[in-house]
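Model the full assembly from the supplied sequences, consistent with the hints where possible.
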Amino acid sequence: MSMTISDNMETVYQKPATLTETPMHYCPGCGHGVVHRVLMEVIEEMGIAEQTIGVAPVGCSVFAYHYMNVDMQAAPHGRASAVATGVRRVLPEKYVYSYQGDGDLAAIGTGETIHTVNRGENILMVFVNNGIYGMTGGQMAPTSLCGMVTSTSPYGRDEHVMGHPLKITEMIAQLPGAYYVARHAVHTPTAVRKLKKAFKTSFEMQKQKKGTCFIEVVSNCPSGWKMTPVEANDWMEKNMFPYYPLGDIKVPATMK
Amino acid sequence: MSEIQHDETPKLMKGNEALAEASLRAGLQAYFGYPITPQSEILEYLAEKAPEHTEVVVLQAESEIAAINMVYGASGAGARVMTTSSSPGISLMQEGISYMAASELPCVIANVQRGGPGLGTIQPAQGDYFQATKGGGHGDYHMIVLAPSSVQEMADFVFDGFRLAEEYRMPAMILADGALGQMMEKVYLPKAGTLPKKETPWATVGKTASRERNYITSLHIESEKMETVNLHLQDTYRKLKQEVRCELTNTADADIFLVAFGLSARICNKVMDIARAKGINVGVIRPITLYPFPYDIIASFAGPAKMFLTVEMNAGQMVEDVRLAVNGKSPVYFKGRMGGMIPTPEEIMLEVEAMSEKQQNLNQSAGYL
Ligand SMILES: Cc1ncc(C[n+]2csc(CCOP(=O)(O)OP(=O)(O)O)c2C)c(N)n1
Ligand code: SF4
Ligand SMILES: [Mg+2]
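Note that the protein sequences, when read in sequence, are chains A and B.
Per the working numbering, residue 3 is the first one in the first sequence, and the count goes up by one each step.
Per the working numbering, residue 705 is the first one in the second sequence, and the count goes up by one each step.
Treat the hints as calculated values from the structure; they're not laboratory data.
Certain hints may be false.
Some residues of chain A that are not near chain B, with every Cβ distance over 10 Å (derived) [what the hints assert, rightly or not]:
id : residue
1  : M11
2  : G31
3  : R39
4  : E43
5  : M48
6  : D73
7  : C148
8  : V151
9  : T154
10 : H162
11 : M164
12 : M173
13 : T203
14 : F205
15 : K212
Part of the chain A face toward chain B, derived, beta carbon under 8 Å [to be verified]:
id : residue
16 : E52
17 : Q53
18 : I55
19 : Y67
20 : N71
21 : Q75
22 : A77
23 : R81
24 : A86
25 : T87
26 : G88
27 : V89
28 : V92
29 : K96
30 : G113
31 : E114
Computed from a prediction, not measured in an experiment: that's the story for all the values here.
Glycine included, every Cβ here is placed at the ideal spot set by N, Cα and C.
What follows is the structure in structure tokens.
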């Protein structure tokens, strides 16, 4: 009798059931897939998948609902937090999260972002900041760094003409409705572990109806940045992290 | 048409308030809106009643864009949900309405129209007919469009709107105007608890182990799939035709037909009385569903000896549909006022008299042949 792999090997790591079998469409090295996985691992480990509703954005993660095995809605560009508000208000006992890119959350959806947090909407807002419009082919985002070359800032972002890179996470942290605000990354196993903890904390806070938990993930866009995945992560550490420093931005007293 | 059950005793109410009260009685679960004259009373009324209706979510959004997207989220989660606004605010909602139509999400949207374009005026108008009936937002979609012409219908059409929206899984618009919103009339309110809600197995309420996940989206990147979705929507719109509603007054012996909706139709009824007193056989055709439009009903009155006058508070929008219906079989004239002006019975009467004269001349010359 022939032995199969599973006969003599122990499963130590596998895809969470909260991710579907659909292969992800993300470019090699892209952070979106990792953020999806971390989020869905937390949802699986907490056993809350049946009570969770997610809201996907317009951006590269527009197909998040093909990968995340929970009930989901796809919002118009920028409006994920308003859609999540609608879900949250009629399903007060469920877990609700929105997932957005920087163009989505910090440009076209700035108004919704600020007011959702200002209402202290009891949701988790996941904000994936890659400093560029990935989906539409690498245009300047509100978070693009000064001097950053994109297809719509071909000579580099001139902040006097095009505005300054927007630290929206620091902005919304000022609002009383923001309960827990932190900035993380997914470029190393350590960073991933920290992000995972932040997501877990956010859902725990949500259960206690504490208000908005807002987690930014500084991520990459190898395609839009026109770099290899390794170059992109390197560039991100050297250029993005100094301007968008990782760590807690607003932590409730109970967590300190 | 299912019959609405009403209170036995009437109330004297503003149109906006009647609509708001009817929505509570219709089993509203959530309302999201933003203030704009002449419809702010709806949000105000619901906010005031909130303590008596703790089961209803009432939230003032930061904009009409946010409001319609909250409606999207709540509807997608299976709730009976409404938003209301007036013309400029409805313009802001168009993207969200297109998404809801594409995702087959039911809701009721009331547009208490004011004069435009631009910021315009807060006076009543009917300038949003095209926007309401032809799509308004991007893509091939329609809403159910109900045009009330009384405070009674401001209340009733909330019930009809939810019933149809849920039956056909699409947004329903109540296309009113500032006068209907602001005026007080006797109204027999629909009875609470009489509007059953359809099951929403498609709603995102949390995926149970026994079913696949539900997701609500309007994105279908493959053209073949997107066309299939479009064909399905067109199928729904074809089925919706059975819900056509139109009020006919004195049409049996009429030579001249006034075609008007909403407030304009009330004025036309007055014109009809004046004309009949002068011996001119005028009838009134009042489309109640502007989408689906009563093409066939209007067509059935068209013929060589007949004439049509469409009266609207705009530059001539519904008249295009009337012409499509009449299809060249009769002359179709138009009388409109714009920018918040309401046509008077007298000025419409002048048109009717001129038409009647023309008709007699035509009939006489036909007699000599
Ligand atoms: C109303 C509207 N405007 C513009 C677009 C085009 N669009 C799609 S995604 C996108 C930017 C997405 O960038 P971001 O949110 O940073 O997400 P990423 O792809 O970088 O993850 C834009 C402008 C759209 N879909 N809808
Ligand atoms: S374009 Fe950028 S953000 Fe989009 S999948 Fe590719 S790497 Fe990721
Ligand atoms: Mg981006």
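Could you tell me which of the hints above the structure violates, numbers in ascending order? 6
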